[in-house]
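Enquirer: So the mapping is simple: my numbering equals the position in the sequence shown, first residue as 1, plus 69.
Wrong hints could be hidden among the right ones.
Lysine to aspartate or glutamate pairs mimicking DMTMM-like chemistry, simulated, CA-CA at most 20 Å apart [unchecked claim]:
{"no.": "1", "residue 1": "K761", "residue 2": "E695"}
{"no.": "2", "residue 1": "K736", "residue 2": "E751"}
{"no.": "3", "residue 1": "K550", "residue 2": "E574"}
{"no.": "4", "residue 1": "K220", "residue 2": "E116"}
{"no.": "5", "residue 1": "K508", "residue 2": "E552"}
{"no.": "6", "residue 1": "K363", "residue 2": "D298"}
{"no.": "7", "residue 1": "K363", "residue 2": "E326"}
{"no.": "8", "residue 1": "K310", "residue 2": "D269"}
{"no.": "9", "residue 1": "K226", "residue 2": "D269"}
{"no.": "10", "residue 1": "K318", "residue 2": "D256"}
{"no.": "11", "residue 1": "K318", "residue 2": "D298"}
{"no.": "12", "residue 1": "K317", "residue 2": "D236"}
{"no.": "13", "residue 1": "K232", "residue 2": "D778"}
{"no.": "14", "residue 1": "K226", "residue 2": "D236"}
{"no.": "15", "residue 1": "K84", "residue 2": "E116"}
{"no.": "16", "residue 1": "K317", "residue 2": "E279"}
{"no.": "17", "residue 1": "K654", "residue 2": "D762"}
{"no.": "18", "residue 1": "K220", "residue 2": "D170"}
{"no.": "19", "residue 1": "K370", "residue 2": "D298"}
{"no.": "20", "residue 1": "K547", "residue 2": "D466"}
{"no.": "21", "residue 1": "K317", "residue 2": "D134"}
{"no.": "22", "residue 1": "K761", "residue 2": "E751"}
{"no.": "23", "residue 1": "K232", "residue 2": "E263"}
{"no.": "24", "residue 1": "K220", "residue 2": "E253"}
{"no.": "25", "residue 1": "K519", "residue 2": "D486"}
{"no.": "26", "residue 1": "K370", "residue 2": "E384"}
{"no.": "27", "residue 1": "K550", "residue 2": "E506"}
Please keep in mind that the hints were generated in silico from the structure rather than gathered at the bench.
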Amino acid sequence: MDKAELFETLVARVKTHSPQADVAVLRRAFDFAERAHAGQLRESGDEYIGHPLEVALILADIHMDMETLSAAILHDVAEDTEVDLAQVAQEFGPRVAKLVDGVTKLSRLEYTSRQEQQAESLRKMFLAMAEDLRVVLIKLADRLHNMRTLKFRPPVKQKATAKETLDIYAPLANRLGISSMQWELEDLAFRYLEPTAYHDIAARVSARREDRQAVIAEVLDALRGQLADAGIRADVSGRSKHFYSIYKKMQAGKSFEEIYDLTALRVIVDTVSDCYAVLGIVHNLWHPIPGRIKDYIGTPKPNMYQSLHTTVVGERGQPLEFQIRTVAMHQVAEHGIAAHWKYKEGGRLEKSLIDKLTWLRSILEWQQELPGADEFVDGIKMDLFTDEVFVFTPKGDVIDLPVGSVPLDFAYRVHTDVGHRCVGAKVNGRMVPLTHELKTGDIVEIVTSKQASGPSRDWMKLVRTPQARSKIRQWFRKEQKAENIERGREMLQRELRRLLLPVDELLVEAYLEEAAEHLNYVSDEDLLAALGYGAVSLVQVVNRLTAAHARAKPQEAPLPVLPPSAPTELFAEVQVVGLENALLKFAKCCNPLPGDEIIGFVTRGRGVTVHTSTCPNVPSLQREKERLISVSWGNQTAPGYPVRVELIGMDRPGLLADVVHSLAEYKTNIAAMQARATKEQEAHVSFTIVVKDLIHLERVLSRLRKLRDVFTVRRVTYVTPHREGESSASGSTTS
């Protein structure tokens, strides 16, 4: 559809659910945004204005108000055009301007890496939810349309966007109860992250569609007759299964047949009493499976979802899963929090509704403590992803916590001081260790003491919630600053040595102060203290120090190249067919590894040189075929073999530190390293590493390829004119 058709479709959808709505404001927003985005195109080649209109259409489908739809149409003007928020506020009012500001990403120029910018933009969005929850609904709709058009983006961007969608946005839609968005976001992300698995499941589902529809038709005929006899008006339909949910169950060990044979149906009725009546009818028609009846009407889910669930055995012996709910419950199940939209003056969501979203209340409380950006995003993932347990205080108040929480998480949720003064815990009247995992229904009592010395550092490893972890860090920050400064300095020195970085050159006051400023600390001592009590990571600080050092010294000097080792006797490593006790050595041109296919070349007076069969020098060696002999790997190998590797990536601060850290993870020594930057802002890094065999090398290369901003990683071979089996100098690369 062109932009005019999109706008008319938007107006028609709004009029369907809100006939009295004043759509004139939408026309003004459309005209304003169209002028602002004039001449801009999406990566698909379409006019940019189509994107905000599609976002507004998604929100119209969940019956959002005119302010939200106007903000959706305008959501990119402050970020991608010359328009500023003051102009938006003047034309459409301060509330619409606040919504637009809430979904506007932070400027890339304020941050040294895309990762940090992304983390802070997410933090900004979640903080804006405290003012107006509609911000996140616009952001979800924006992400959904971007995922629908993801095929026009480069493959690297596709993967990154899909991963963030699966990590943050799909779980967020679930927490807000908007199942229609959640399922589509999950399936779209799954398609880009695991394309082979996605298309395999799609093909299997398509092959079974007719059988499934036949089963559903039989069930509907039987059930509709019984409902009519009981005088119950109901809408009965089959429920489609989503590819990502099938994939997750298969990853958990279930077969496709086991998952897909379970036919899902939905029954929507007028009243709550009808729900329970339908449950009785279903159980009379088919045999219920014990333990598979769930009453989410009496006990709603944390995202306000309500339904009766039951699983029965059908006539063909296959399981049938029913969801039974009222029309109002169905609106909540599909549209989530949008179905409960009630605003006080000023645009704030009613407190009673926020109180129902306990996970959101937890985030809004925690954000006041201002954790670091990465910690904030990790905490968000936990709050969105994890299931919950519901435990009770001795007075009967309900506390919700992530699955796996321990008494300390409970203590810090009750009050910070209760956590700090905790010396023990009782669960259901008996003493338990602080490592005890809480279960739904537990009654938890925290034993405190005024003489308690405060939290232990070991508690950081025990607690499950980011809120508890943040409060423990705060205590150490305030109580033990001098000790934390010294600990942070020692940690940093150890890490720099481990990464083979020059400690004396990097750990200087000027670089520390620059790092502190970038990481929002007042002084270098505050930064070291934060490192000591765990509020900032070693990777963040090392990246800042190396960035400062690189700016001070634009041309990075290569690390010294170790001289090649003397030829090594390889009797136990390589076996030569037809020759015994021959002197063997590896060719320097291709550096064979155990696992490579190899060939031997008899040199004049220097024994047998071992090459890989794919070595670029082998064709020239074949001119003297009589000197080529068969060799194979023996049972024993040397401690390590040198391999030259070339890495090309984006020239950014911390790239070398990431490379060195990854090599250390795989216990891989570095014999030499050299790096340079190009005019195209690419980093070219060449290094020689020592590996055990081909498998070790492949694991290392695979790990390096997963690093952020890395384009290619290759094993390098060297090519020069061959002379008596000896090869050196440079030339080609092999992947």
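Enquirer: For each hint given before, does the structure comply? Return the numbers of the non-compliant ones in rising order.
Expert: Numbers 1, 2, 3, 5, 6, 7, 9, 11, 15, 16, 18, 19, 20, 21, 22, 26, 27, in rising order.
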